[in-house]
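Chains as they are written, first to last, in the working numbering: chain A, 6 to 220; chain B, 31 to 319; chain C, 26 to 195.
For the record, the hints were derived by calculation from the structure and aren't laboratory data.
Here the structure is a predicted model, which is why all the values come from computation and not from measurement.
Accuracy of the hints is not assured; some may be wrong.
[Stated by the list, open to error] With a cut-off of at most 27 Å between alpha-carbon atoms, the simulated DSSO-like pairs for lysine-lysine come out as follows: (1) Lys243/B x Lys222/B; (2) Lys73/A x Lys32/C; (3) Lys195/A x Lys111/B; (4) Lys222/B x Lys169/B.
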Amino acid sequence: MSCENVRRWLEFDDADETDALRVGEHLERCVDCQAFAAMSDPATSLPATSLPDDISPPADLWPQIEAKIQAERVVGPTFDASKHPGRDWQQAASILTAVAAIIFLAVVIRSTVAPVATESMARFDEPNVESELAAAIEQECRGVMRELSLAPGLGVVDPRTVALEAEAREVELAIADTRLAIERDGEEPKMMASLARLCRVRLRLTEHAQELARS
Amino acid sequence: MKLIRILSCLALIAAVAVQAEKDVNERVSAPRDGEVEIENIVGSIRVEGWSENAVEVKGTIGENLELRLENDGRRTIVLVKYPERRDTRHQHADIVVRLPVASEVRIETVSADIEASSISGPVQVESVSGGVELDIQSKDVDVESISGDIELRATKAQIQAEAVSGDVEIHVQEGNIDVETVSGDIAVVSGKLTGGDAQSVSGDLDFDVTLAKGCRLDIESHSGDVDLTLPPETSAEIDLEAYSGSMRNRVGALQTGGDGRRELDLIMGSGDSRVEITTFSGDIELRAK
Amino acid sequence: MDELIEKARHGDEVAFRSVYEQTSGRVYALCIRMMKDETRAVEMMQDTFVRVWQNLETYRGESAFTTWLHTIAINACLVALRTQRRRREDGMENEELEAMTVPNSTDPVDRIALERAIAALPDGARTVLLLHDIHGYRIDEIAEMTSTRPGTSKAHLHRARKLLREALSR
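The shape of chain A in the complex, shown without the other chains:
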């Protein structure tokens, strides 16, 4: 990006916010534009600093959070970094991928032989093996992603894997929605296939994070 375009971006209302990354990269290496930005941004009179950084949330928020925590069904082992000596993520990833492949195959095979459920088969009391395995994978992936987002040896958060973590949380929400629907309405083949797909997407995000960490 040229200096002229960068300065225009900094000064004009109609600038495209998606250019901020390129503007930032230019600012990091252009001393002249750094000086321009400093000159036109006086440190005095920062109105936002007068605003409170603490606003009381609604009084009934904690009970809602508490209810969600208690309703959250955590299945399978949680990830414990101390139990995983060294950073053998390739092995972890290949194990997770193999487990996901087994789930996926189980779902696909089952969906080709089982008839479509026409009535509700909600089985709240019966354990759902595929769902529990999927939940176990989610827990492992979550732990791995968090480990990877901390750059080795520095305790510094890697912004690229933090971004992937945010995407992973989005996928986890989708997985939770789908599992709830399956519990409510039964293991309809398309829904099970969607669950398997979302688990594969979730795993791929972990693999992306591992590749970034290695690069």
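Keeping the supplied structure of chain A fixed, place chains B and C upon it in accordance with the hints.
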């Protein structure tokens, strides 16, 4: 005294020049339909096909960077070497690569923006956050990105595109597409779609296409909305399924089944093609061109 | 607080509630200004604290707990804003703005004008302004929290302040 001042000025200029960039202009012979691999971490990469049997690289690169341009017969490598891969804050390269139009091209970057045009050989691109813009005549295109947006224009191609949060926009006159995102939006415009498989988790999917006879199009999203625009003379079976999202038929298709609440089976013409659209909470809308 | 966090890591919900009570005000201030809507801010709060509870065992103390907590909140808000960007309305309706809790304002009119001006900022600019000028994070910290480069955060901050000054001078 004056000499000392002059020497001091020269030293200052030399010191400033350390931070400067340098021009590159190199060229190497390459076969008409060989492989060309291009790698640049930061900055920009512009690729243009030309009629010469050579690969030429021009542009500017950081003072501490090195351009490696080599050919070993079939394969040509264009590599911008960085001294310490992690510290690219003050280093970047903006290069223009001209290569034989029928080359098989492979481009890899982290954050460099990529543009390619006038290429007819297969193209493969891998980016992390760099944007990708292709306007090519390749028959085989494979683009992967994490957060960089992908914009692809092709004539007749088999297209594979994958992004996590980047948006994907595909314009193809005739082709088969396989596109997947997590949260990025997907937009496809095609004059003759021979097949398609599009998936997203939370991104919206917008298809404005004409289906070739026998085309099979599968679109799936979890919470993203799906809009499919078809010509009124389309001949296709269309199955819609939305767990909690809404389904709207504005294309005048006839309902042949489904309860209309979570499932809607439709037919247009004699049902020569097949479309399946599935969402969890995303809305589905069919529109006429 | 460290003791409470340690207890919460071992499943002590009472300790976690205390952590919530000590930190929720600042997180809510962030969420409500990011989402510009009380209902969605409450959703983000639920999302954030549930995820904090689920991921406590992975918090290793390299960054301050509140930084980690705010990173989760900010990313939850940014993802929600991105996935709903086609459906969200720009700016805030007056009724929504007045429904926001603005405690002990000595000059309600100015403060409302300021909150309104902040709400009207583009998402990236608003995020950096909130984290820097209101919540006191450094540019390098903000860059880590929002997965960008420091230069990008600086660019956003410069623009945010400029747009804010212009809005308030009208």
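Hints versus structure:
no., hint, in the structure
1, Lys243/B x Lys222/B, "holds (9 Å)"
2, Lys73/A x Lys32/C, "holds (19 Å)"
3, Lys195/A x Lys111/B, "violated (48 Å)"
4, Lys222/B x Lys169/B, "holds (14 Å)"
When the structure is compared with the earlier hints, a violation turns up for hint 3 alone.
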